[in-house]
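Visitor: If you want the building blocks of each chain, they are given just below.
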Amino acid sequence: MKSLLGIFLVGIATPVLAQQDHGAAVQQEPAEPHAQHQVDEPGGDPHAGHDMSPKPSEPTDPHAGHQMPSTPAKDAHQAHAGHEPGIPDPPVAPPSAAALGGPTHAADAVFGVATMAPARETVRKEHGDIKSGMILIDQLEAVIGKGKDGYAWNAQGWYGGDIDRLWVKTEGESRFGESLESAEVQALWSRALDPWWNLQAGIRQDFGAGPDRTYAVVGVQGLAPYWFEVDGALFLSDKGDVTARLEAEYDQRLTQKLILQPAAELNFSAQDVPELGVGAGLTTAELGLRLRYEFVPEFAPYVGVKYERAFGDTADFRRARDEKAGGWQLLIGIRSWF
Amino acid sequence: MTQTIDRRSLLRAGAVGAAGLGFSGLFPAWAQTGSLGLTPQMPTLSGQDIHLKIANTPFTVGGRTGHAVTMNGVLPAPLIRLREGQNVRLHVENTLDEDSSIHWHGLIVPFQMDGVPGVSFPGIKPRTTFVYEFPIVQSGTYWYHSHSGLQEQQGHYGPIVIDPAEPDPVAYDREHVIVLSDWTFLHPHQLVTKLKAEGGYFNRQRQTLFGMLRGGPEESMSASDRAMWGKMRMDPTDIADVTTATYTYLVNGHGPQENWTGLFRPGERVRLRFINAATMTIFNIRIPGLPMTVVSADGLNVRPVAVDEFQIGNAETYDVIIQPTEDKAFTLVAESIDRSGMARATLTPRLGMTAPVPPLRPRPTLTMKDMGMGGMDHGSMAGMDHGAMAGMDHGAMAAGASAATADHGSSHAMGSMNMRDKSLVPDSVKVGVGVDAIAMSPVDRTGDPGVGLENVGHKVLTYRDLMSLTPNPDTRPPQRTIEVHLTGNMERFMWSFDGEKFSEGVEPIRFERNERARVVLINDTMMTHPIHLHGHFFEVVNGHTGSYPRKHTVNVLPGGKVSFDLTADAPGDWAFHCHLLLHMHAGMFRVVTVRPLEGEAA
Chain B
461 MKSLLGIFLV
471 GIATPVLAQQ
481 DHGAAVQQEP
491 AEPHAQHQVD
501 EPGGDPHAGH
511 DMSPKPSEPT
521 DPHAGHQMPS
531 TPAKDAHQAH
541 AGHEPGIPDP
551 PVAPPSAAAL
561 GGPTHAADAV
571 FGVATMAPAR
581 ETVRKEHGDI
591 KSGMILIDQL
601 EAVIGKGKDG
611 YAWNAQGWYG
621 GDIDRLWVKT
631 EGESRFGESL
641 ESAEVQALWS
651 RALDPWWNLQ
661 AGIRQDFGAG
671 PDRTYAVVGV
681 QGLAPYWFEV
691 DGALFLSDKG
701 DVTARLEAEY
711 DQRLTQKLIL
721 QPAAELNFSA
731 QDVPELGVGA
741 GLTTAELGLR
751 LRYEFVPEFA
761 PYVGVKYERA
771 FGDTADFRRA
781 RDEKAGGWQL
791 LIGIRSWF
Chain A
9 MTQTIDRRSL
19 LRAGAVGAAG
29 LGFSGLFPAW
39 AQTGSLGLTP
49 QMPTLSGQDI
59 HLKIANTPFT
69 VGGRTGHAVT
79 MNGVLPAPLI
89 RLREGQNVRL
99 HVENTLDEDS
109 SIHWHGLIVP
119 FQMDGVPGVS
129 FPGIKPRTTF
139 VYEFPIVQSG
149 TYWYHSHSGL
159 QEQQGHYGPI
169 VIDPAEPDPV
179 AYDREHVIVL
189 SDWTFLHPHQ
199 LVTKLKAEGG
209 YFNRQRQTLF
219 GMLRGGPEES
229 MSASDRAMWG
239 KMRMDPTDIA
249 DVTTATYTYL
259 VNGHGPQENW
269 TGLFRPGERV
279 RLRFINAATM
289 TIFNIRIPGL
299 PMTVVSADGL
309 NVRPVAVDEF
319 QIGNAETYDV
329 IIQPTEDKAF
339 TLVAESIDRS
349 GMARATLTPR
359 LGMTAPVPPL
369 RPRPTLTMKD
379 MGMGGMDHGS
389 MAGMDHGAMA
399 GMDHGAMAAG
409 ASAATADHGS
419 SHAMGSMNMR
429 DKSLVPDSVK
439 VGVGVDAIAM
449 SPVDRTGDPG
459 VGLENVGHKV
469 LTYRDLMSLT
479 PNPDTRPPQR
489 TIEVHLTGNM
499 ERFMWSFDGE
509 KFSEGVEPIR
519 FERNERARVV
529 LINDTMMTHP
539 IHLHGHFFEV
549 VNGHTGSYPR
559 KHTVNVLPGG
569 KVSFDLTADA
579 PGDWAFHCHL
589 LLHMHAGMFR
599 VVTVRPLEGE
609 AA
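Protein chains in written order, with the numbering used here: chain B, 461 to 798; chain A, 9 to 610.
Any given hint might turn out to be false.
[Unchecked claim] No more than 27 Å apart at the CA atoms, straight line, and that leaves these computed lysine-lysine pairs for DSSO-like:
#1 A:K133 x B:K591
#2 A:K133 x A:K61
#3 A:K239 x A:K438
#4 B:K717 x A:K239
#5 A:K239 x B:K585
#6 B:K606 x B:K717
#7 A:K430 x A:K239
#8 A:K133 x B:K585
#9 B:K608 x B:K784
#10 B:K591 x A:K438
[Stated by the list, open to error] Where chain A lies over chain B, by a calculated footprint (3+ residues, C-beta under 8 Å):
#11 562 to 573
#12 645 to 656
#13 706 to 714
#14 764 to 775
[What the hints assert, rightly or not] Computed far set for chain B versus chain A, every beta-carbon distance over 10 Å:
#15 M576
#16 M594
#17 A602
#18 W613
#19 V628
#20 F636
#21 S642
#22 V677
#23 A723
#24 R779
#25 A785
#26 Q789
Rather than coming from a laboratory, the hints here were simulated on the basis of the structure. For each residue, glycine too, the CB sits at the ideal point set by N, CA and C.
Using the sequences plus the hints, can you model the full thing?
Guide: Here it is, written out as structure tokens:
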């Protein structure tokens, strides 16, 4: 050990630095705080080269020993041993009056306000005022069950800044070769409430076989603890009916590309709406399980199953139409975003 | 002076053996593979008048060609080699259809020459030329890059080397500049769009169910800890926002396949000047089989420190000396911090020789310390800040006790704690949508080597190893503290200081000219942020009072804090920002003012 350090010191005495003439010479410790640890460390020695790597540092200080700053090794060790290093923090204080004085923008005096003002506005916008958007086709799927096969979609898109966004959602389903069974489009203003949740309000328009209702919408959408994507909304129709919907989904990553996504949707109604085949209370529930493969994050085909059924009066309305209250369906689809 | 000449004649002798290297026009001479090192024969830009032309250029790497924004047609841009004490005029012509600019990173210049559009000057309009002129008052390794839009991501960066007026205290026989960067074929605005759509978009190293069943170092986190991280909506694998999923990591403009090669003669002392010119990549650098001696940081000399590896944040520079004695090749490895990929180069006595390229090491996993609970971990209790601790209630402490083994992950008790406790931050911090966490007990992490480097089995540089070679010029104790919180929302890809994006019209951070102040950077996020202050060197408070390392950019580790002492001696307006380009673009940017200005009454 000692001899190793000795070799270091010899190496340090490079002739290059005749620093004496400008008096800035600083005592050079080998500054090799870890030479000791190094050698003690087990497991191979990638450091065989150390002694051949002389330190390009300065030699000789007549005052070596007095004024000498402590070595990194010592200080680092002290720091680890429990002392905040250095001078303690002075009190937090606002800037002095002199700091607040002078021109607002230093560059104006050099380049002129007229030149600087637009540049200043650009630099402001380019540091945080980002507008972006996304279109997410979460589900676009063929639905295979008893009876005639059909299709369904669930998609949304948004555009805006970090806080305020225009948010459009659409979903619907039908059977192949038949006219549109049911579909809806929502146009919402979305405002970020906290790091994860958005308040959304706007209108919803329904299309399809039933009466084409229009609704006022208010809801929240966001990310719940444990990474659940949640979307809940209340709907007030132009006929005064109140309904609600709660959706949640979760991405269970099996591998980096293979993702199992359980999803649930519950629909509620505050009253019977016979024209829509809806009874008061829990109207329908849907549980889905989709297994997708992300060739790239933006493009992922999937297979899945879905169980959907109606409850209470809603189920009775269905039976009255000679439909089953619920059942299983097989899904093949694509999830995509851009 | 004589020393310099000697070194150069020696290099000239070395050049004979490598005559006939075919240099293409794609790279500046010093960045050519098979580089002999920096020699006077190689055209670098130097002298009183330097001409740079910013232009759209194709750039090819890995057999694919994309669009770059370059200077003088090369990527990286030409080496600018100056001498301390000279004056320089830099004529910068912008041939783009958009504004551009050049910031001289680390150079002490008058504010109007600092090159930040909207702060120091108006920017360089399309098809105009701007002339920068300033005296060179320092020496060392620096760099230059665009401060306009996201041009830096497109290749708008290059190295600067300034030779000292006095004999160089660092002795070396040969030198190579190593410009590290990250290249993508996506337009930089697409990076932003993808990250806004999905904060973890580029992370392809997440924890998975099959991975957990299979086990291994990347998946060692227990199920209960996974649940705890999940409860907080935090991803312990979110180490880098942009990864090798789109990046090719470059050494002097060369991808790993192109394998930039630098030459040496066995026994020579070779100075490697590392510059991290990457936009979104922090690198871990090592040369297996060859120790490195760090001799300068951010351009300024430090007492030599022997290390096997070091982490370099964006915009930092480190000079190291290596002395390979054997007649064999060495691989220079620069792993990205998330270990999704690497930049690779070869140092060899003869062209054509290569050394094995080590495999990427396992992806690191964030710990409780990275979450800002370092002060609650017995392992690092020593370094903990009692002030921060005082702000915690006993309930939190109890949970902290059970998280004492935090670094090993038993942390389920943390789940019940408030991760956004506003009482822990001053009122000046706006804890809104853009702040997804507040560090509960941040600790000084200048003694830590960086994320993923805690247990690599060899010596890794820490900031506490750095001591200025010369005594600090201003040893007055700081008179006041300015606390700056580094804040963010990983999910929405929002980044800010004190919870407010620059675009929200924030107040500048104001200093009185020549005042001595301490700036405490507290990282409330779970990412490492390289924070850069323009126009100044500051002293990183690391225990070596009077010999603090002086830097222009400092990495603040996740959940940690860094204090620096500043002498605000440069009047004017200066940019202050995270040097992860997209963090800056997302709002992590401030203006620092120093008043009174030159000529103003005090």
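Visitor: All the hints need checking, so say for each whether the structure fits it.
Guide: Now for the hints, and whether the structure bears them out:
| no. | hint | result |
| --- | --- | --- |
| 1 | A:K133 x B:K591 | holds, 24 Å |
| 2 | A:K133 x A:K61 | holds, 13 Å |
| 3 | A:K239 x A:K438 | holds, 23 Å |
| 4 | B:K717 x A:K239 | holds, 23 Å |
| 5 | A:K239 x B:K585 | violated, 34 Å |
| 6 | B:K606 x B:K717 | violated, 32 Å |
| 7 | A:K430 x A:K239 | holds, 19 Å |
| 8 | A:K133 x B:K585 | holds, 18 Å |
| 9 | B:K608 x B:K784 | holds, 14 Å |
| 10 | B:K591 x A:K438 | holds, 21 Å |
| 11 | 562 to 573 | holds (count 8) |
| 12 | 645 to 656 | holds (count 5) |
| 13 | 706 to 714 | holds (count 3) |
| 14 | 764 to 775 | violated (count 0) |
| 15 | M576 | violated, 6 Å |
| 16 | M594 | violated, 4 Å |
| 17 | A602 | holds, 26 Å |
| 18 | W613 | holds, 19 Å |
| 19 | V628 | holds, 15 Å |
| 20 | F636 | holds, 32 Å |
| 21 | S642 | holds, 29 Å |
| 22 | V677 | holds, 22 Å |
| 23 | A723 | holds, 17 Å |
| 24 | R779 | holds, 40 Å |
| 25 | A785 | holds, 34 Å |
| 26 | Q789 | holds, 25 Å |
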